[in-house]
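For reference, the chains in residue letters:
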Amino acid sequence: MYRNHLEKIFHWKLIIAYLVLVLGSTVVLATALGPAHISPSVVPKILFSRFPLIHHLIIRSWSIGEAAIILEIRLPRIILGVLVGAALAVAGTTMQALFRNPMADPYIIGISSGAALGAIVSLTFGLNIFGLYTLPLMAFICGSAVIFLVYGIASVRGKLPVSTLLLSGIAIALFLSAIISFLMYTAGEELHGIVFWLMGGLWGRSWSHVLMAFPFILLGTAVIHIFARDLNIMLLGEEPAQHLGIEVETVKKIIIFSTSLIVAAAVSVSGIIGFIGLITPHIMRILVGPDHRVLLPSSALVGGIFLVWTDTLARTIIAPTEIPVGIITALFGAPFFLYLLRTRKRSMF
Amino acid sequence: MQRVSLRIDNIACRYETANVLENISFSATAGDFVGVIGPNASGKSTLLKSISKILRPHTGVVFLNQRDIYTLKSAEVAKKLAVVPQKSAISFAFTALEVVLMGRAPHLGRFEIEDREDLLIAKRSMELTNTWHLRERSIDTLSGGEEQRVIIARALAQEPRVLLLDEPTGHLDINHQIEILDLIKRLNKEWEMVVIAIFHDLNVASQYCDRLILLFEGKIFAAGTADDVLTRENIEKVYGIKVIVKEDDVSGKLLIHPQRKNAVRPTKGKVHIVAGCGSAVSLVSRLVEEGYNVSLGVLNVGDSDYIAAKALGLDVVEEKPFSRITQESHQKNLEFIKEANYVILTNIPIGFGNIKNLEAAGQAQTLITIEKESIEERDYTKGEATKLYRQLRANATIVADSHSVLERLKSVESRARS
Amino acid sequence: MKKRGSRLRTFVATGALVGTFFGGLSSILLADEFPLAIVDGLGREVSISKQPETIISLAPSNTEILFALGLVDKLVAVSQYCNYPPEVQNKPKVGGFSTINIEKVVSFEPDLILATGGVQEEAARNLKRLGLTVISLDAKRTGDVLENILLVGKVTGRVESARRLRANLEERIRAVTNKTGDLPDTQRPRVFYEVQYDPLMTAGPETFIDDLIHLAGGVNIASDSATKFPVYNLEILIERNPEVIIVSFWHGSIVASVEGVKSRKRWKIIDAVENNRVYGIHADLVSRPGPRIVDGLEEIAKYIHPELFKK
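Chains H, Z and A supply the protein sequences, listed in that same order. If you read the first sequence in the numbering used here, its first letter stands for residue 1, the second for the next number, and so on. If you read the second sequence in the numbering used here, its first letter stands for residue 350, the second for the next number, and so on. If you read the third sequence in the numbering used here, its first letter stands for residue 768, the second for the next number, and so on.
Chain H extracted, bound-state conformation (with noise of 0.2 Å):
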């Protein structure tokens, strides 16, 4: 029994190798293909004449913009859609957790609002202080305002009701929208970016958003991972979790700040991407259990190899024309989704 239990501690580690692995061959495969006809042969070559020891060994050949479409265009693009649907993925699990609500999404307490009315305003009065970075700042700042009035709002002599949290979120979002829908409709030519900015995609990103959304990302998500246990206790309940030795009210702001960092990181620099978040806890609770010391990790990586793949697919299929990435997301997955429902008959949450 002891070994069953051993055995399965080894299954965990095992299938996060195998995501990794997965992860890794996915990015290597996504930065070969796409529209422009560079010969997947070239492809490794370039990526390894970037690492400092092996570089000497590559003889170049390739041209200047192959090299600046790989390496300026395609990688960067790529490395953010790992970040970003990880982000998606593991805030979509907590939300989940911490409401204990199979319908709840990253997006559940208003950060997407926010930020989108950031970039939005950023838009429409193009504003231009930091360049190019202006927008996703704008994004980001509004995103993780908008968590402090919902928690204040919704903070009570110091605890955090989970359901009010949850209609204080879901009530500026509503008012938010409300704004939105206004500037959208007196908007003139800035109508068109606002649109596909809210349609949520990857193009023309570079290594600035990396590195802008990285820190935020990283940091979130190991603080999550952190608690992982703390969540699985704190699905029997609040009480029973308190009773357990959880310092609920504690934990729970710490889970939500970090939520919030990554998803307004994630929003700011991708637009709104929607099913990845939902959905992917579902596939992965039903893969490997609820537990969040495997769920975690494996949604993390599942995340990111969903939307690498899905976005090389929006940038692929009717090149040069591009299509937002959210629109495949929920065309491929939701069948998919189905599919497991069906076939595994474990209960869904």
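Please keep in mind that the hints were generated in silico from the structure rather than gathered at the bench. Please note that a few of the clues may not be correct.
Stated by the list, open to error - Calculated pairs, DMTMM-like style, for lysine to aspartate or glutamate (alpha carbon to alpha carbon, straight line, at most 20 Å):
1) K721(Z) - E756(Z)
2) K995(A) - E190(H)
3) K422(Z) - E247(H)
4) K946(A) - E1074(A)
5) K436(Z) - E239(H)
6) K428(Z) - E239(H)
7) K422(Z) - E238(H)
8) K8(H) - E461(Z)
9) K1032(A) - E72(H)
10) K8(H) - E485(Z)
11) K1035(A) - E72(H)
12) K429(Z) - E247(H)
13) K429(Z) - E541(Z)
14) K8(H) - D464(Z)
15) K1029(A) - E72(H)
16) K568(Z) - E582(Z)
17) K1035(A) - E66(H)
18) K687(Z) - D664(Z)
19) K13(H) - E461(Z)
20) K895(A) - E876(A)
21) K472(Z) - E7(H)
22) K817(A) - E927(A)
23) K8(H) - E466(Z)
24) K1032(A) - E66(H)
25) K538(Z) - E508(Z)
26) K428(Z) - E247(H)
27) K428(Z) - E238(H)
28) K159(H) - E365(Z)
29) K436(Z) - E238(H)
30) K721(Z) - D750(Z)
Said to hold, decoys possible - Just a sample of chain Z residues kept apart from chain H, beta carbon distances all over 10 Å, derived:
31) A390
32) D417
33) L532
34) F570
35) S672
36) R727
37) S751
38) A765
We treat Cβ as the ideally placed atom computed from N, Cα and C, and that holds for glycine.
Chain H is already provided as a structure; the job is to place chains Z and A on it using the hints.
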């Protein structure tokens, strides 16, 4: 190891501005099994919450091993104190073993994973609650009772010194109820735990608890042993019902019998029963159900028939316990007999104490007498009773048991109607 | 095999000829006199009872045509986007493109209303139902614009002005296509037109911009796109390596936009940026189906073939 002690020192709790608990003080040490009883909204759950660090009292202190629990970390407290709630609403797919293993969390560091010892402890807890065979089942597929036992196993996996339970046997079948309570009682002694449990069933509380705390409107109304707390006066004042309290024949613990109001209105005639020693218990309730206006006499207070009759709110001509029937009560008895349509004499032993009952029965107009044994076998008056009996027997209808009495009455009724 | 350039030239010339013929024919048939009946840009028959004295324009392109025909004084109200000539900005406004205030339009009791197709169709229908005279103009290519000018001239009784204007415009167009029509593909620079940056959007096939680039002697690298205004993949932009980049702007200065393009790190390897051939143009000049589209053509031609068109 130091014996665990729990001391609640004059705590008071409130929600918003309403005081839910006031002036609560008591203590418990290893091996104590304390029952918390009281009507709804008397503060029982609140008391448990304040002891388990969920609801902080605004005055007073809760000491666990002489330390204020509100200065301790929750994990520290959880190593010593476990709570079994009234019901759980777990709606996700953890296995029963995984749920029980969560009970080991207080003992594990943040990055530690459960090891062999944790698993052994979980196994032992599940075997104690007879849930080990459910270990790989998903918790949301278990029945209410099975789930409750798994939760109890989880609490036991914490290796607590103090165990708090809120109505621990609510969803359980009677066999599991007894099994669990017996288990908790046993562990209470073996593991030298403090057990504090909320009970809604006073009789169960009386059976298992060493001490009781009766709460009423947020204050301690009575505290102490069952004898001290479970008195007719206390129960009437707190619960508002009249009861009979007697010692249970089997366990020797106190049993509460609530006096029920007659559900059936008497529509048929008056029946007076001369009885005693529990010979009329079933007859009485069936006659009442049939709609007869039943009275009894003369019975000694404390006699089983007396208790049964009082429980049904019937008129009883009573005599002091263990006393001979006096002239007074004999007269009263005769009055009832005169008023009655039917008089029934049950299969009672006759001694000098109650021979007057036989005399009274002889005065009945319509007498039915139940004869399970012959009068000689029941005569403790050296023949006097037999003589009297033979006389009244001549005018009486003789039946073999209570059932026949009813049949007789029914046929008399129908004849009377036709 | 005729070269693409000369085929285009023939097309424009033929179009002009045909247009003149029908224009002339209709003027012979119906003379400059009212009442008259025409078929508008959406194929609907409209009858004009008398020469309109009060006109409302629901689109900037229509306003510019009216201005070019000298009819600004008869313009009693315009759309909120009408900004040329500057004086029309002081005129009363009746709404945006799809948000036309019907009541306000009716309150002016205009003799003629000039609308466009697409989103304005419903508003046009409503106005017609209320008894007003509405003409809807549509244009997909430069040639259609010339037709529309004639049509407006006819319904406003300015046939002569219209004909003169059209002839003038055709001449200017020919001044460009004469030099560019014969150019083989090897002498046509690759051009990328940037509508906006985030996300990167360009003009695809069947747009005015595409048309103008061809007329001006260039090749629009996005003319094989699937949609008219596609979001463009950066890789393809780099791969196709345009020699000329033209940036459009709506408000703000040309200088800022051009500098903006040149400062983009990843664009530095594009030929157009390396060789400092990034230019800006006002979007109104290249997307409005009015007479100024020829201004746009001339400007683009100078950018694409500076050697052929001196300033």
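Find the nearest Cβ of chain H to the Cβ of A765(Z) and say whether that gap is larger than 10 Å.
-> With a cut-off of 10 Å, A765(Z) remains clear of chain H, as the shortest Cβ separation is near 65 Å.
Quick one, are K721(Z) and E756(Z) close enough, alpha carbons at most 20 Å?
-> holds, 17 Å
Do the alpha carbons of K895(A) and E876(A) lie within 20 Å of each other, as the hint requires?
-> Holds. K895(A) to E876(A) sits at ~12 Å (cutoff 20 Å).
Is the Cα-Cα distance between K8(H) and E485(Z) 20 Å or less?
-> holds, 13 Å
Below or equal to 20 Å on CA atoms is what counts here, so check K422(Z) against E238(H).
-> holds, 16 Å
When you look at the beta carbon of F570(Z), is every beta carbon of chain H farther off than 10 Å?
-> At about 27 Å from chain H, F570(Z) clears the 10 Å cut-off, so the statement holds.
Taking only the CA atoms, is the gap from K946(A) to E1074(A) under or equal to 20 Å?
-> The given pair, whose Cα atoms are some 11 Å apart, holds under the 20 Å limit.
Would you check the hint for K1035(A) and E66(H), treating anything up to 20 Å between C-alpha atoms as holding?
-> Holds, at roughly 14 Å.
Pair hint K428(Z) and E238(H), alpha-carbon separation not exceeding 20 Å = holds, 18 Å
Are all beta-carbon distances from R727(Z) to chain H longer than 10 Å?
-> holds, 61 Å
CA of K817(A) to CA of E927(A), is that 20 Å or under?
-> Holds - the C-alpha atoms of E927(A) and K817(A) are around 17 Å apart, at most 20 Å.
Given the hint that K429(Z) pairs with E541(Z), does the C-alpha gap stay at or below 20 Å?
-> holds, 12 Å
Of the numbered hints listed earlier, not one is contradicted by the structure.
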